[in-house]
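Trainee: Spelled out from the first residue to the last, the chains are:
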Amino acid sequence: MLRSVQTSDTTSALTAPDEWLFNQVQRGHTEAFDAIVNRYRDRLFNCIIRLVRQTECAEDLVQETFLRVYRSRNEYQATTHFSTWIYTIALNLARSELRKRKRRRFFSINTDPDDDQGERPELSDPAGGPDDQLHHSELGRSIQRAIGQLPIKYRTVIVLRDIEELSYEQISEVLQCPTGTIKSRVNRARLKLQEKLRYWQDDRGFPLSRA
Amino acid sequence: MQCRDFEPFFSQYIDGELERNQFESIRFHLSGCPRCHLILEEMQQAVNAVQGLPRLAPRPEFAEALRQRLHQEITQDLYQRPEWTRWAEGLTEFWRAGLQRSPQIAVAFILVVAVGVGMFIFQSGPPAGRVNETLNTQRPAPSFGQTLTVSAREERAQAERSGSASRPLSRLALSSPARQDRRAPQPERAEFAAPPDSAALFLASTPPDPHWVLPQASGDGVASARGSIVDGRRETMHYLLPTIPSRPRFSRVAF
Numbered sequence: 026m027l028r029s030v031q032t033s034d035t036t037s038a039l040t041a042p043d044e045w046l047f048n049q050v051q052r053g054h055t056e057a058f059d060a061i062v063n064r065y066r067d068r069l070f071n072c073i074i075r076l077v078r079q080t081e082c083a084e085d086l087v088q089e090t091f092l093r094v095y096r097s098r099n100e101y102q103a104t105t106h107f108s109t110w111i112y113t114i115a116l117n118l119a120r121s122e123l124r125k126r127k128r129r130r131f132f133s134i135n136t137d138p139d140d141d142q143g144e145r146p147e148l149s150d151p152a153g154g155p156d157d158q159l160h161h162s163e164l165g166r167s168i169q170r171a172i173g174q175l176p177i178k179y180r181t182v183i184v185l186r187d188i189e190e191l192s193y194e195q196i197s198e199v200l201q202c203p204t205g206t207i208k209s210r211v212n213r214a215r216l217k218l219q220e221k222l223r224y225w226q227d228d229r230g231f232p233l234s235r236a
Numbered sequence: 012m013q014c015r016d017f018e019p020f021f022s023q024y025i026d027g028e029l030e031r032n033q034f035e036s037i038r039f040h041l042s043g044c045p046r047c048h049l050i051l052e053e054m055q056q057a058v059n060a061v062q063g064l065p066r067l068a069p070r071p072e073f074a075e076a077l078r079q080r081l082h083q084e085i086t087q088d089l090y091q092r093p094e095w096t097r098w099a100e101g102l103t104e105f106w107r108a109g110l111q112r113s114p115q116i117a118v119a120f121i122l123v124v125a126v127g128v129g130m131f132i133f134q135s136g137p138p139a140g141r142v143n144e145t146l147n148t149q150r151p152a153p154s155f156g157q158t159l160t161v162s163a164r165e166e167r168a169q170a171e172r173s174g175s176a177s178r179p180l181s182r183l184a185l186s187s188p189a190r191q192d193r194r195a196p197q198p199e200r201a202e203f204a205a206p207p208d209s210a211a212l213f214l215a216s217t218p219p220d221p222h223w224v225l226p227q228a229s230g231d232g233v234a235s236a237r238g239s240i241v242d243g244r245r246e247t248m249h250y251l252l253p254t255i256p257s258r259p260r261f262s263r264v265a266f
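As they're listed, the protein sequences go chains W and R.
Note that this note's numbering numbers the first sequence so that position 40 is 65, with each residue one more than the last.
Note that this note's numbering numbers the second sequence so that position 206 is 217, with each residue one more than the last.
Bound conformation, chain W alone:
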C-alpha cells in the first residue's frame, strides 16, 4: 500500500519548499512526489521542448526525468537546491538526446549540409509534423528556429536564462561550470542569436519587440 502524507501536511504541500517535499518522499511519503510532479511537469516540458523541439520526445524525457529522480531519491542531499538537481537531470537527458540525433544525422545519407547546427522542425518529426504550439506566430517560429540553430551549449544557456529565468549561479550549478564561464557563454549566445534574428528583422522590416 502506498503511504500518504499526513492530512496536515497535505495542505502545506502546495506551498512547502521543494526540499521539504522531497524529504517527505525520501521518508516514504510517496504522495509528496505527486506535488513535486505537478510543480515541475510543465516547467520541465517547456524547457526540454525548446531544446529538442519534438512534443513526444520532450514528454518522454520529462517522464524519464521524474523516474530517475524517484529512483535516485536517496542520493539527493539537501545541500543543493532541488530545482537545480532536477534541472541537471533533465538537461543531461536532453543533451544526450541531442547528441544522439547529431550522430544519427552524421551517419544519415539524407543529411542537409546547410543545416549543421540544428535540425529543421519540418524535418525533425516527419510523422506528426512540427508541434503547432511552436508555430503560434511567424515571429515565434523564427525565434524558435534561431534558437534551434545555435550550438547545444549556447541553446542550453539561452533556454535556462531567458526562458526559464534561472540566475547565473543556478545555471552554473546545473551545468556544473564556473559562473564566469556561464556569463560569457550567455553573452556569446545572445550575440549569436541576435545575429540570426537580424536577418529576419531586415527581411520583415518590423522590430522584434512586437513579438
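Just to be clear, a hint being listed does not mean it is correct.
[To be verified] In silico negatives: residues of chain W with every beta carbon more than 10 Å from chain R:
1. 59
2. 64
3. 80
4. 118
[Claimed, not checked] In the DMTMM-like style, the derived pairs of lysine to aspartate or glutamate whose C-alpha atoms are separated by at most 25 Å in a straight line are:
5. 217(W) <-> 94(R)
6. 178(W) <-> 53(R)
7. 125(W) <-> 53(R)
8. 125(W) <-> 100(R)
9. 127(W) <-> 85(W)
10. 217(W) <-> 28(R)
11. 221(W) <-> 104(R)
12. 127(W) <-> 100(W)
13. 221(W) <-> 190(W)
14. 125(W) <-> 59(W)
15. 178(W) <-> 100(R)
16. 178(W) <-> 16(R)
17. 127(W) <-> 81(W)
18. 217(W) <-> 198(W)
19. 127(W) <-> 75(R)
20. 125(W) <-> 85(W)
21. 178(W) <-> 67(W)
22. 221(W) <-> 53(R)
23. 178(W) <-> 220(W)
24. 221(W) <-> 88(R)
25. 178(W) <-> 84(W)
26. 217(W) <-> 52(R)
FYI, nobody ran anything at the bench for these hints, they're computed from the structure.
For glycine and all other residues, C-beta sits at the position ideal for the given N, C-alpha and C.
Got chain W; can you put chain R on it based on the hints?
Mentor: Frame of chain W, contents of chain R only:
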C-alpha cells in the same frame, strides 16, 4: 578602453548583474558610441523576444499517462524486486544492444566470461603440489571407491609432529556444525559431515598407516567425509573416496 572590451559585459548589463562602477563605465561608453548602443539595443530586443515566447504545455493526456507510469514505478519499488532481477535485466539489455551493434563483440564477450568462469572453477581446488607430494610419499595407495577409517589419536599425534604446517583433522571436526554452538549443551555423541574439500585436506595431512578398511562403492566423482564425536572428541572418520580419478576436481589428489 575600446568597444571590444565592453562587449563581453553587454549581457550582464541587460540583466543588471554588474557592479555599480562597471555599470556606470559601460553607460558612459554607450552614450558616446552609436555602434555599441545599436548592438546593445538589438540584444535587448532579442532577449525580450525570447522572454516573450509563450510557455508550452504538454498534451492533456500526458499528465495522466505520467501519473500512471510513476504510480507503477512506485508500486514496483515498494514491492522491492530482488537485486538480481535488475542485474539480469541489465545483462539482457546489454546482450540485446550488443547483438544489434556488433554480434562479434557480443560473442567474444561471452567467450571471455566463459573462459574466466572456467579458470576460476578449475583453480579453486587445493594446491596440487603439496597434496600429491604428501600422498605419494606417506600414504599407501588405496583403490578408489573405498571408505577409510582413521583413529583420532593418530591424527592428533601427526598434528603435533607437523605443527601448524597442515590443518589437523580435529579442527575440521571442531568446526563441524555439531560443535559450532558452544552455548548449546554438548551431546555425548554427535554425527558430523565434512565437505569434499575437507576430505582432500585431511588426506594431505593425516599420518601414514591409516586403517584402510571396509571398501565400499561410492557415487561417481563424489567425495564426502562422515564421522562421530564421543565425549567431545572425534573418534572415527569415514571418507568416501571418488571412484573416477579422471574427474577434474579430484584429479589433483593422485594416489
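Trainee: Now tell me if each hint is right for this structure.
Mentor: Hint check results:
Its beta-carbon lying about 7 Å from the closest one in chain R, residue 59(W) breaks the requirement of being farther than 10 Å from that chain. Every C-beta of chain R lies more than 10 Å from that of residue 64(W), the closest at about 13 Å, which supports listing it as non-interface. The non-interface label for residue 80(W) is inconsistent with chain R: the shortest C-beta to C-beta separation is roughly 7 Å, within 10 Å. Even its closest Cβ contact with chain R, about 15 Å, leaves residue 118(W) beyond 10 Å, as expected for a residue assigned away from the interface.
As the CA atoms of residue 217(W) and residue 94(R) are separated by approximately 49 Å, the hinted pair breaks the 25 Å bound. Of the supplied pair hints, the one linking residue 178(W) and residue 53(R) holds, its CA atoms being roughly 22 Å apart against a limit of 25 Å. In summary, the hint linking residue 125(W) to residue 53(R) is not supported, as the alpha carbons are separated by about 34 Å, beyond the 25 Å threshold. Of the pairs offered as hints, the one joining residue 125(W) and residue 100(R) holds, with about 23 Å between alpha carbons and a cut-off of 25 Å not exceeded.
Taking the CA atoms of residue 127(W) and residue 85(W), the gap is about 19 Å. The hint holds against a cut of 25 Å. For the given pair, residue 217(W) sits about 20 Å from residue 28(R) by alpha-carbon distance, which is consistent with the 25 Å threshold. For a cut-off of 25 Å, the pair hint linking residue 221(W) to residue 104(R) is broken: about 43 Å separates their Cα positions. Proximity of residue 127(W) to residue 100(W) is assessed by CA-CA distance (about 31 Å); at most 25 Å being required, the pair is judged violated.
Taken as a hint, the residue 221(W) and residue 190(W) pair is honoured in the structure, with Cα atoms around 22 Å apart against an allowance of 25 Å. Using a Cα cut-off of 25 Å, the hinted pair residue 125(W) and residue 59(W) is violated, with the two alpha carbons roughly 31 Å apart. Our distance criterion of 25 Å between C-alpha atoms is broken by residue 178(W) and residue 100(R), whose separation comes to about 34 Å. Our distance criterion of 25 Å between C-alpha atoms is met by residue 178(W) and residue 16(R), whose separation comes to about 23 Å.
Restraint check: the Cα-Cα separation between residue 127(W) and residue 81(W) comes to about 18 Å, which is no more than 25 Å; the hinted pair holds. Restraint check: the Cα-Cα separation between residue 217(W) and residue 198(W) comes to about 24 Å, which is no more than 25 Å; the hinted pair holds. For the hint pairing residue 127(W) with residue 75(R), the CA-to-CA distance comes to about 32 Å; that exceeds 25 Å, so the pair is violated. This hinted pair checks out: residue 125(W) and residue 85(W) have alpha carbons roughly 15 Å apart, not beyond 25 Å.
Taking the CA atoms of residue 178(W) and residue 67(W), the gap is about 22 Å. The hint holds against a cut of 25 Å. Taken as a hint, the residue 221(W) and residue 53(R) pair is honoured in the structure, with Cα atoms around 11 Å apart against an allowance of 25 Å. With a C-alpha separation of about 17 Å, the suggested pairing of residue 178(W) with residue 220(W) holds against the 25 Å cut-off. For the hint linking residue 221(W) to residue 88(R), the alpha-carbon distance of about 48 Å lies beyond 25 Å, and the restraint is violated.
Between residue 178(W) and residue 84(W), the direct Cα distance comes to roughly 21 Å. Compliance with the 25 Å bound is thereby established for this hinted pair. Taking the CA atoms of residue 217(W) and residue 52(R), the gap is about 14 Å. The hint holds against a cut of 25 Å.
When each numbered hint is compared with the structure, violations occur for hints 1, 3, 5, 7, 11, 12, 14, 15, 19 and 24.
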